[in-house]
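Chemist: Position chains B and C relative to chain A; hints supplied.
Residues per chain are reported as follows:
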Amino acid sequence: MTDTHRNFACVGQPCELAAGRAVFLSSHYDDVALSCGGTVALLAERGPEPVIVTIFGGEVTDEVLNQFARWKHGRWGLTDMDSVREQRQAEDTAAAHILRTGTRWLGIPDAIYRGEHHLSDDELYGEVQAAELPLAQLIADEVQALPEWSDTSTVFVPLGAGRHVDHQLVFLAGRHLADRSVQVLAYEDCPYVIHTPLALETRLAELSDCLGAPRYVKIASTFERKLAAIEAYATQVPVLFRFTSDVRGELTKFGQRMAPELGAVERFWPVLPQAPI
Amino acid sequence: MDIKVVPKGDGIAVAEMVGDLNLLCAADVRARLATAVGDGQRHLVVDLGQVDFIDSSGLGALISGLKSARQAGGDLRIARPGEQARVVLKLTTLDRVLRPYESVEDALEGF
Amino acid sequence: MRSKASDNRPVAEVSATLPATAEHLDRVYATLSQFWTELERSHPAPPDGVWRAYFDTAVGEIVTNIIRYAYASTAAGGEMSMAIQGYQDRVEATFRDRGGPYTGAPITDARLPLDSLDVIELPEGGWGLALTLAAVDRLSYTRDADVNYWHFMKKL
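Residue numbers (the numbering used here), protein chains in the order written: chain A, 1 to 277; chain B, 1001 to 1111; chain C, 2001 to 2156.
Warning: the hint list may mix true and false statements.
[Claimed, not checked] Counterexamples of contact, computed for chain C against chain A with all Cβ distances above 12 Å: (1) V2011; (2) T2017; (3) A2105; (4) T2108; (5) D2109; (6) P2123; (7) E2124; (8) W2127; (9) A2130.
[Claimed, not checked] Straight-line Cα separation of at most 30 Å, DSSO-like style, residue types lysine-lysine; simulated pairs: (10) A/K253 x B/K1004; (11) B/K1090 x B/K1004; (12) C/K2155 x B/K1090; (13) B/K1090 x A/K72.
Hints listed in this document are in silico derivations from the structure and should not be mistaken for laboratory results. Don't be surprised by glycine CBs; every beta carbon is placed ideally from N, CA and C.
The shape of chain A in the complex, shown without the other chains (with noise of 0.2 Å):
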């Protein structure tokens, strides 16, 4: 793994990934904590306050409920909509103040309450469909209008891996801000990229255009904080990993596949401005 060791990342202070705040955007509840819990918690120890931003998990009324939502439910056994949104709005606080970031929640319904356009499981996870292109726009300009926001920001984005279509809206984004001059990093989706190794691959493969060679962290200092971090999200954690009795085994297995003498390591790509015409 020669590239590892050139391009490792906050390796001094400040962290020279991010020399100005933070701004990670979290598809859903949990995913930033997942997926970079460990660069998170690093950054808030060397520098300005991050803040993760979970774009999706607006109000649910049972107008937009249509019957894929509503199979969907049956299936996570939800019933009482508006506590639901309380306790992961709970677990999402209780996650922020272990990794010492601000939260903010911008409210987008998910993608299975958006109308008509997702009524399958595999569109959920195709392609987006042109007519929620827009969102990818609106939520690049409440990126940029967060109080949270200065010039100086880099703003932390999911690849997509997965096609999970909120995901690939988070990501296009990102492409949006990369135009707009903004450095912008993508993380590596989990908990997809670890029950889906090929789906990191794929997805690399279609955006090779777009990202830069990727940057390497090493977490083993807050590795726990990771951990108790992604434990916060008691509703979620045993619904993502129900098909194991060790969790913490497990996201510690994969999170030092990389290097495992370097202990865990996170990985970033740079998401690049689209080529002008």
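Modeler: Using the frame of chain A, we list chains B and C on its own:
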């Protein structure tokens, strides 16, 4: 394990496997199925008629292929699983997603 | 009248020692095949194909577990041995290796990927021991003086 991917047109292909689908070849099977999907063959029929033994590594490779196919808007079906393959599919209840068909022709129908 | 003592002696038995590498899985299957042939000859009511498939599956998973993990931290690799014994009322398999200790989750906690409808969330492995547990009646792991012992039993 020998694998031959035979395209049938319209993004459909049959992956013929001969040998044991186990730890030794699981990574290769995973890669070959991903390549097939990447090449446009997103409706895959995996013919297990000449596979003597399949273990959880081999099954994991098929699951990976199923995910790749589904993400590309297609599907992966298995045909002619032997007795031991049926046992493994039943024990894991993965026969609910990796649907077994009695023949390759049956599996191709409706693709 | 059948004496109790005869229940404690195997009616068929095979064993093999081989390098713990995936390239040698063939020998494991061949050893199994040899065992079923012997059991067919010497057991009054040998098990059918489906029963044997359950047992074979368990053997494959334990051997794969040993191959993957026992010698993972040593460059040189190592050997393993297997012994299968058929009795009047059961078949047993024992595996030995001199690799590192098994440090995974307790066997009884092993989980199968049931509830497979969310395809994207399906794991692509890690259920070898769970599969073994589901296929046999008793499974155990012990370590004694640097030797790992895996043992399982399936009732006929």
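Chemist: Next step is simple, just say for each hint if it's right about the structure.
Modeler: Structure-based check of each hint:
1. V2011: Consistent with the label, C/V2011 stays out of reach of chain A, its closest Cβ about 38 Å off (over 12 Å).
2. T2017: Consistent with the label, C/T2017 stays out of reach of chain A, its closest Cβ about 30 Å off (over 12 Å).
3. A2105: violated (4 Å)
4. T2108: violated (9 Å)
5. D2109: Nearest chain A Cβ is 4 Å from C/D2109, so the label is violated.
6. P2123: violated (5 Å)
7. E2124: Label violated. Min Cβ-Cβ 7 Å, cutoff 12 Å.
8. W2127: violated (7 Å)
9. A2130: violated (9 Å)
10. A/K253 x B/K1004: violated (34 Å)
11. B/K1090 x B/K1004: Distance ~26 Å between B/K1090 and B/K1004 Cα, so the pair holds.
12. C/K2155 x B/K1090: With a Cα-Cα distance of about 20 Å, the restraint between C/K2155 and B/K1090 holds, given a limit of 30 Å.
13. B/K1090 x A/K72: holds (25 Å)
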